[in-house]
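Colleague: So the chains spell out like this:
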Amino acid sequence: MSERTTAARFEIAYRACLSPEGHLLGENPRASADPALLQRMYRMMVRARIFDAKAVNLQRTGKLGTYPSCLGQEATHVGVGAAMRAEDVLFTVYREIGTKFWRGVDMYRVLLYWGGDERGTLYEHSPQDFPFCVPIGSQMPQAAGAAMAMKIRGEQRCVLAFIGDGGTSQGAFYEAINFAGARELPLVCVIVNNRWAISVPVERQTAAQTLAQKAVAAGIPAVQVDGNDALIVHQVTSEALERARRGEGPTVIEALTYRLADHTTSDDATRYRSAEQVQAAWAVEPLLRLRRFMEQRGVWDEQAEQALKRECAEEVEAAVRQYLATPRQSTDAMFDYLLAELPPALHSQRDEARRYAAQRG
Amino acid sequence: MAKMTMVEAINMAHAWEMEHDQSVVVLGEDVGINGGVFRATVGLQQRFGSARVQDTPLAEGLIAGTAIGLAAQGIKPVAEIQFMGFIYPALDQIASHMARLRNRTRGRLTCPLVLRMPHGGGIHAPEHHSESLEALLCHHPGLRVVCPSSPARAYGLLLAAIRDPDPVIFLEPVRLYRFMRQEVADDGQALPIDSCFVLREGSDLTIVTWGAMTVETLKAAEQLSGEGISCEIIDVASLAPIDFDTILDSVVKTGRLLIVHEAARTCAVGAEIAATVSEHALYDLLAPIRRVTGYDTIMPLYRLEYDYIPSLARIVDGIRATLAE
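Quick mapping for you: the protein sequence lines, in order, are chains A and B. Once you know that position 130 of the first sequence is 130 in this note's numbering, the rest is easy, because the numbers rise by one and skip nothing. Once you know that position 210 of the second sequence is 1210 in this note's numbering, the rest is easy, because the numbers rise by one and skip nothing.
Take the hints with a grain of salt, since some may be wrong.
[What the hints assert, rightly or not] Computed list of lysine to aspartate or glutamate pairs in DMTMM-like fashion (alpha-carbon distance at most 25 Å, straight line):
hint: 1; chain 1: A; residue 1: K309; chain 2: A; residue 2: D34
hint: 2; chain 1: A; residue 1: K63; chain 2: B; residue 2: D1164
hint: 3; chain 1: B; residue 1: K1219; chain 2: A; residue 2: E352
hint: 4; chain 1: A; residue 1: K309; chain 2: A; residue 2: D332
Hint data in this document are derived by calculation from the structure and do not stem from the laboratory.
Build the full structure now, drawing on both the sequences and the hints.
Modeller: Encoded structure:
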């Protein structure tokens, strides 16, 4: 009888299909043969980027609260959105503007949320999607719960949950993927590894070679992808969602990308990272390579580019106008959604808030 | 003496104690090269090295739990939770272990540590960045909960907190971080950690408050002094345990009590103060005790935050109502 010397082995695949120059790297993802999908993804990425720049600008001029830029992460956010079905449910952290846009959340709502107004969480087109999850990591067990509901009811729906590199240090992340693995829940978790948890680089966050391999301990298939490559993000997420839909359980995808902006508008990233690193990351940013690919395929040109930018700028301006023209909620809004019905004990507090709001005018 | 903000005074207290006590270490998210998101720990890693000033992974339960282990081993951790709204994952460590370690080991193991965090709203911050959750902590015997209201008190109370033999939760009112500059002597002198501070003496009524609400309360007293109304203002400062002697002496003198705090009203520290004053000084009261507090709602996003935080007008009306009865 041979002596056992290894208890387990693992390997994490790395997948990428689009080079920074916009050439296919061997793998032929399904989106590459679908010009309409390519254009739609690119359009959404440009939309996110133009919106994002405006949002930062609004904050700088005192018209928006603290805002976390998504600059540089558009391919991951949009690629995931494109892979989801409308009936799936999305859990995000707080930076995934491109996914929200794909799910039909309009710019106006995103502005409202970061503008300090809870009505920014009203998602007309994706009413089951959860709002942004600022506390980092706590969305994950909720996502597992939503996936469990789908499994209990035998539905062909899935949950897609984002988490950041920093978020994978939270206990809630492990609790959720462990449970998802044990129950084969229809959950796909996308770790957006943008390398920085505010000032802490991922290598100070964990000694693990990859974040994807954290899934190995939960018994879940895991893969690392180039998160600046919308095609591979779309491809791998689609495969994972299909697997989940077939009842084969969860997948963890680690998307390698880079936070090109400060953590939020309250942050100053020059305090903790070098200009050289940021410059190197700009060289592999996600928009240009998809545009080059589409141009090489003859499905995009300068004229289309200019038209898109004009269109996005107009849409952003309209959303900003609507946002700035939106009166703040009345103080009743603090009370209206606490419980299905406001308990009598709180009526006097609601009235007091009204009275002082009226005084303030 | 240098004039400085509260956040600078907090930084200076860290530096003094790290200089004079080699066992003091600082940990938390972004406390190292970034110096904390509010810059409370700025320069400490450069000065004292990365062994004594460590960035942690992004996990509040880890921060609180690690602090307990460090402290039981004789290191003195001064740990930062980035915003009080993020304390929930740490509550298991705080409530199940930090508050109980001395008691459950009959004094064999203790965890003298400081857990610092920004407290309250008013700076147009995002969701979960503006909470006033002191009641959650004060409800757990075995902890001290401290909340300074000026740069000098932040300096002296933080030193006291680090030197205290028990775990101290140190709440830093976020809108006071850079609200005013005050001369603070860097003399290593701690302030008493179990005493109220009388911020203004008066004879007509006692106002008990803490943290950032001291500012609006002092303004209200100043405004009404023109009408001959004399308010005594007490900064509770140590929310657990509370120095009731100072509060009761004042209430016996003035016969009236108004409590002002930013936290939601129900089951808050103000309720505890009202109950204790009722127990010990009911017959000295000339009017019912009143409270001006945050509402029993979720802390709203920032467009409504100043409708939630007690305003000058609400405090002034609270004073008048207490005096009218």
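Colleague: Run every hint past the structure and note whether it holds.
Modeller: Here's how the hints hold up against the structure:
no.: 1; hint: A/K309 with A/D34; verdict: 22 Å, holds
no.: 2; hint: A/K63 with B/D1164; verdict: 44 Å, violated
no.: 3; hint: B/K1219 with A/E352; verdict: 21 Å, holds
no.: 4; hint: A/K309 with A/D332; verdict: 40 Å, violated
Going down the numbered hints, you'll see the structure goes against 2 and 4, while the others check out.
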